[in-house]
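Novice: Spelled out, the chains give:
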Amino acid sequence: MSGAAGSQGERLRAALTTASLPSSIAGAWSERPPRPTGRQLWRARWGSVTQLLVVLDASARSVRAAPVTLDPELADDSAVITYSDESDLTVPLVVWLQDAASLPVRVLDRFLGAVHVDLRAASALRHGRPVLTAADERAVHRARLQDTLDVFVAARWAPEGDGSLGALLGAARPQQIAQVLGVPNRMVIGLRRGERFLSPQQAELLAPLLHRSAGEVLAANPPLPEDLVADLDLPEYRARITALARREGADEIDTWRAVGYGVAAVSHRQTEGDAVSWRDRIDHYFLAVLDG
Amino acid sequence: MCRARGNAVSEYEQWLLDGDVDVAIALLRRLAGQITRTRSFPPPAGYVRWHKDAVDELLVEMIERKGVAFLLGALVSAIDQCSVERYLLATVENFLRDQAKATPHGKLRARLETVLGADSRFEPVSTPTGGWRLAGGPEDWWQGDISTLERAALRVRGVSIPSWNKAGPTPRVAREALTTVAAAVLASAGGIVRAEGLARVLLERFRHAIAPETVGELFLNDVAEQTAPADDEPEQVFIGVAAQELWTAFTPAQRAVVPYLTAPQDAPAALGIGPKEANALVAQVIEVVRLATVDDPRAEAVVAALLDIGILTPTPELARPSRGGPSSTEGRMGR
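Quick mapping for you: the protein sequence lines, in order, are chains A and B. Under our numbering, the first residue of the first sequence carries the number 209, and numbering increases by one thereafter. Under our numbering, the first residue of the second sequence carries the number 1018, and numbering increases by one thereafter.
Hints were generated in silico from the structure; no laboratory data involved. Certain hints may be false.
Using C-beta positions, here's what the derived DEER-type ranges look like [as the list claims (entries may be wrong)]:
id, chain 1, residue 1, chain 2, residue 2, range
1, B, THR1165, A, ASP459, 49 to 55 Å
2, B, GLY1123, A, PRO230, 54 to 60 Å
3, A, ASP491, B, ASP1115, 46 to 52 Å
4, B, THR1165, A, ARG221, 44 to 50 Å
5, B, LEU1324, A, SER421, 55 to 61 Å
6, B, ILE1303, A, GLY378, 57 to 63 Å
7, A, GLU403, B, GLN1282, 42 to 48 Å
These numbers were taken from a predicted model, which means no experiment stands behind them. C-beta atoms are modelled at their ideal positions from N, C-alpha and C, and glycine is treated no differently.
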């Protein structure tokens, strides 16, 4: 066997050429991701923690999802095993239904396809073998999956916002603040009343005047509107935040926050406090900073 | 270990996104070679050592066996070059470990022919396939769930295999352990059990003793140096050897958790893993030690010696992906 010089290399080339990713995920890194809905398969990512998931139910701000793995040998009896033709991924999937959890939409990173079988009819599906002893490696495998889901459950980027901006700005005269920011005095009044947000750039400008760091000034903002946070959580916007962070060599969470406050600050300047369509504002913001 | 390239297009991106097979071959050969050079896995059949063709043969078998799941796994883990390399290293090593599992199973089945064949309590059956039953027992073939028999095997207490030889006569204590559990399994089955199935059940019951090299699923590739027993007195030497055998059989993750057996709450932070995985690892090590030392009057001393080895042996943090929030961004895959 070893005498056939080069033949193994050719077999390796042939094997890699033959094995190709399913067509359903061809656009996972290039196309706009869809709205999360049931039976979808997603890669979830928070930091460097990643996991394949199947969405069981979806609402506007969260999904109920179960972890999915690809090796049926590691399934236990809490997991169901689908057949190759029962999902776009064309391989058997191990779905850990009993470990399903409610997760924020913001952890959904890449859309990879769909499952074609009703996972709620679990009794009709194959299960793995039971774990009979703690020495079984599958017990550790499942625990690791549960830890991963816990990371996703706790994933947050939006700061709490302590709302102390008014007190912080009280350390300087309104006219000074208006001059540094290049805004009318009435906007400074809005800031001091907690009705407006400082953008990251404005926080940078004010930091020397207030003898605080830009981060401290930004953190004194009021909490971001929940609807804005929910929209920025959507996979289509997360993809753009990830791209922006990469382009600027910045931390992803910092970028998310900067975009959030940037959109909130611009929005209040434009609408004078009227009800806003956050998605339009977000689109305009990205048009300016990412595509512009 | 991994080749971070800043903003340059990484090997994994060229492979997974652009389908560049030449890049894939170079990357896989480099990482598989790293495993085969530093681990003691045997080369594929037909090769006497791990040279280039043997590594290619391994990769072909792995890709053909795992197929698309192999690529999907890479894609799910792919955040940057380092994450993909971690995935590939673990996948290659786990595949070698799976390959190794087939060997002890076949060897144990052959050994049972000798061990059970020499014991009047057992009766071999040869048609339509090889099997075992208790002498004079029912002649029906058992057709249930294998986990029922595994459960029966685990219920047998008071037996262990303190030492195992890969060839030659089976040591008396090991022979007694195998026959005792085999009798319990066949009694539970109430009929004939296929030889393959019986070997599988016994291998699972005594895997840590018979085939420690096949234990565990690796998530990363860190192997700590083994330590030698340092005790002088004969009894202490025995205890040290027993502890050393256990230590040798442990996976890197199991070794890492040994120092925290008495303070498991400290393990997650110290090892960089989640609390549930830490608890499962602690429970796993305790169960393995219990199975290996059950009814041994020196059990406590063996555990103490094991703790000494664990504490004195530097073990690296289990390099799981960061559990914090997003920090660095993906490579081109972050588009």
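Novice: State for each hint whether it applies.
Specialist: Verification of the hints:
no. : hint                             : result
1   : B:THR1165 x A:ASP459: 49 to 55 Å : 53 Å, holds
2   : B:GLY1123 x A:PRO230: 54 to 60 Å : 35 Å, violated
3   : A:ASP491 x B:ASP1115: 46 to 52 Å : 49 Å, holds
4   : B:THR1165 x A:ARG221: 44 to 50 Å : 46 Å, holds
5   : B:LEU1324 x A:SER421: 55 to 61 Å : 47 Å, violated
6   : B:ILE1303 x A:GLY378: 57 to 63 Å : 59 Å, holds
7   : A:GLU403 x B:GLN1282: 42 to 48 Å : 46 Å, holds
The structure is inconsistent with the numbered hints 2 and 5, although it conforms to all the rest.
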